[in-house]
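*Asks:* Residue numbers (the working numbering), protein chains in the order written: chain A, 1 to 196; chain B, 1001 to 1196.
Worth double-checking, as some hints may not be accurate.
[Claimed, not checked] Below, a sample of chain B positions facing chain A; criterion: calculated Cβ distance under 10 Å:
| # | residue |
| --- | --- |
| 1 | 1032 |
| 2 | 1054 |
| 3 | 1107 |
| 4 | 1108 |
| 5 | 1133 |
| 6 | 1166 |
| 7 | 1171 |
| 8 | 1175 |
| 9 | 1186 |
[Claimed, not checked] List time: in silico DSSO-like cross-link candidates among lysine-lysine, alpha-carbon distance up to 27 Å:
| # | chain 1 | residue 1 | chain 2 | residue 2 |
| --- | --- | --- | --- | --- |
| 10 | B | 1057 | A | 57 |
| 11 | B | 1127 | B | 1057 |
| 12 | B | 1057 | A | 127 |
| 13 | A | 127 | A | 12 |
| 14 | A | 12 | B | 1057 |
| 15 | A | 57 | A | 127 |
| 16 | B | 1012 | B | 1127 |
| 17 | A | 57 | B | 1127 |
| 18 | B | 1193 | B | 1057 |
| 19 | B | 1012 | A | 57 |
| 20 | A | 193 | B | 1057 |
| 21 | A | 57 | A | 193 |
[Said to hold, decoys possible] Selected chain B positions facing chain A (in silico; Cβ < 10 Å):
| # | residue |
| --- | --- |
| 22 | 1009 |
| 23 | 1010 |
| 24 | 1014 |
| 25 | 1127 |
| 26 | 1136 |
| 27 | 1137 |
Hints listed in this document are in silico derivations from the structure and should not be mistaken for laboratory results. We put the beta carbon where it would ideally sit given N, CA and C, even for glycine.
Residues per chain, in single letters:
There are 2 protein chains.
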Amino acid sequence: MDPQIIPVDLAKAARLLNHGPTVLVSAHHAGMDNVMAAAWACALDFTPPKLTVVLDKSTMTRELVEQSGVFGIQVPTVAQLQLTLQLGTLSRRTTPDKLERTGVELFRFPEHDMPFVNGCSAWMACKLLPEPRNQQVYDLFIGEIVAAWADSRVFSNGRWHFENAEPALRSIHHVAGGHFYAIGEAMNAPTVKSSG
Amino acid sequence: MDPQIIPVDLAKAARLLNHGPTVLVSAHHAGMDNVMAAAWACALDFTPPKLTVVLDKSTMTRELVEQSGVFGIQVPTVAQLQLTLQLGTLSRRTTPDKLERTGVELFRFPEHDMPFVNGCSAWMACKLLPEPRNQQVYDLFIGEIVAAWADSRVFSNGRWHFENAEPALRSIHHVAGGHFYAIGEAMNAPTVKSSG
């Protein structure tokens, strides 16, 4: 594990997804690891932190999530653009050597029995909150984030710092096909006093 | 209605949200309009296009959505950074003149009885797909996008064109407080042949 990987306070974990990055979804069951890309992932709650992710019925990763009840969500970087597209296009069902072909490097965090992708900027270990109707009708999965980590070069003190990090660490945001945007310029609006 | 506003093919409507922008949620019931900001909105399906959005129980907009069964989702721009923060901070419950105070300009599309926010880059008219358990337990609302429009200066032919539009039209991506990122540089990965 890289020394720059630091734990993220669970109260701040939703911020890893607030800005809407494309993510990688990883899972493990019965000796099999898999990873896919997902543009449709979103924060759902702060405390305890939760997220939603859409997992199509055709994907092997979904099957592993349903079987194991846990999954990983990680935020890939500009340096992983091609890897992300490959992980989102190839299916382990029809390309059994998908992981080898993409060259994805997996690792484990202690005490979490699921694979994570090396080189990402943030990682979340999630426990599936089973909602059979959502999963069946909408392919919509809800997870509680039970642990989170980030690369301290780009996320620290509960905040992203893309503006001060190397450009290769920026998050990527999928549009269609091989077309993405990197996250851009930091913007600050004067704080507004809440009305209650 | 501005002449640069064009209809978006429903088959491409999910692309308006793929890159994870912060959105504005608008609704109307019994003579009352309201608008709030939401960082937690996400595409859910392509055909028919659907989306999810998290609406806290404290918000007036949520009440209007539940009462009317319809709502608008729109993508605000860098030029609307301060407006977006205001719409996300003030509550119409405790600030009855919220809309006047923020200066938000509302308009209607023909045949859709809900307000939309002038100056955004894209607009979606949504029909609530009631899911009482999601709404009660998770504050999670599912909508079917029944019509969509975009500002042709920044979205046309089913694609965002932030890289060729004026910077003030970029989408904004909330982190926390008054802190946002604008969407950044376009990135293209070589297409990967699908394995099935």
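*Asks:* Against this structure, judge whether each hint is valid.
*Replies:* So, going through the hints one by one against the coordinates:
1. Annotation: residue 1032(B) was flagged as interfacial toward chain A, and the flag is violated, the nearest CB pair being 17 Å apart, outside 10 Å.
2. A cut of 10 Å between beta carbons decides the hint on residue 1054(B): the least distance to chain A is about 6 Å, and the hint holds.
3. Hint status for residue 1107(B): violated, given a least beta-carbon distance of 23 Å to chain A, over 10 Å.
4. Hint on residue 1108(B) is violated. Least Cβ distance to chain A is approximately 27 Å, over the 10 Å limit.
5. The criterion of a C-beta within 10 Å of any C-beta in chain A is met by residue 1133(B), whose closest approach is roughly 8 Å, and the hint holds.
6. Violation of the interface hint for residue 1166(B) is found here, the shortest Cβ-Cβ separation to chain A being roughly 14 Å, above the 10 Å cut-off.
7. Because the closest C-beta pair between residue 1171(B) and chain A is about 9 Å apart, less than 10 Å, the hint holds.
8. Proximity of residue 1175(B) to chain A holds as hinted, the smallest CB-CB distance being about 6 Å (cut-off 10 Å).
9. Checking residue 1186(B) against chain A by beta carbon gives a least distance of about 6 Å; that is within 10 Å, so the hint holds.
10. A hinted pair counts as satisfied when its Cα atoms are at most 27 Å apart, and residue 1057(B) with residue 57(A) does not qualify at roughly 32 Å.
11. As the CA atoms of residue 1127(B) and residue 1057(B) are separated by approximately 19 Å, the hinted pair is consistent with the 27 Å bound.
12. Distance restraint check for residue 1057(B) and residue 127(A): the Cα-Cα separation of roughly 25 Å lies within the 27 Å cut-off, and the hinted pair is therefore satisfied.
13. Simply put, residue 127(A) and residue 12(A) have alpha-carbon atoms about 17 Å apart, close enough for the 27 Å limit, and the pair holds.
14. Annotation: proposed proximity of residue 12(A) to residue 1057(B) holds, straight-line Cα distance about 21 Å (limit 27 Å).
15. Of the supplied pair hints, the one linking residue 57(A) and residue 127(A) holds, its CA atoms being roughly 19 Å apart against a limit of 27 Å.
16. Among the hinted pairs, residue 1012(B) with residue 1127(B) is consistent with the structure: their alpha-carbon atoms are about 17 Å apart, no more than 27 Å.
17. In summary, the hint linking residue 57(A) to residue 1127(B) is supported, as the alpha carbons are separated by about 25 Å, within the 27 Å threshold.
18. With a C-alpha separation of about 45 Å, the suggested pairing of residue 1193(B) with residue 1057(B) is violated against the 27 Å cut-off.
19. As the CA atoms of residue 1012(B) and residue 57(A) are separated by approximately 21 Å, the hinted pair is consistent with the 27 Å bound.
20. For the given pair, residue 193(A) sits about 20 Å from residue 1057(B) by alpha-carbon distance, which is consistent with the 27 Å threshold.
21. Proximity of residue 57(A) to residue 193(A) is assessed by CA-CA distance (about 45 Å); at most 27 Å being required, the pair is judged violated.
22. At about 13 Å, the closest approach between the beta carbon of residue 1009(B) and any beta carbon in chain A exceeds 10 Å, and the interface hint on this residue is violated.
23. The beta carbon of residue 1010(B) comes no nearer than 15 Å to any beta carbon in chain A, farther than 10 Å, and the hint placing it at the interface is violated.
24. Restraint check, residue 1014(B) versus chain A: the minimum CB separation of about 8 Å is within 10 Å; hint holds.
25. Violation of the interface hint for residue 1127(B) is found here, the shortest Cβ-Cβ separation to chain A being roughly 15 Å, above the 10 Å cut-off.
26. A distance limit of 10 Å between C-beta atoms decides the matter here; for residue 1136(B) the minimum to chain A is near 13 Å, and the interface restraint is violated.
27. Interface restraint check: residue 1137(B) against chain A, minimum CB-CB distance 9 Å, threshold 10 Å, status holds.
Of the numbered hints stated above, those contradicted by the structure are hints 1, 3, 4, 6, 10, 18, 21, 22, 23, 25 and 26, listed in ascending order.
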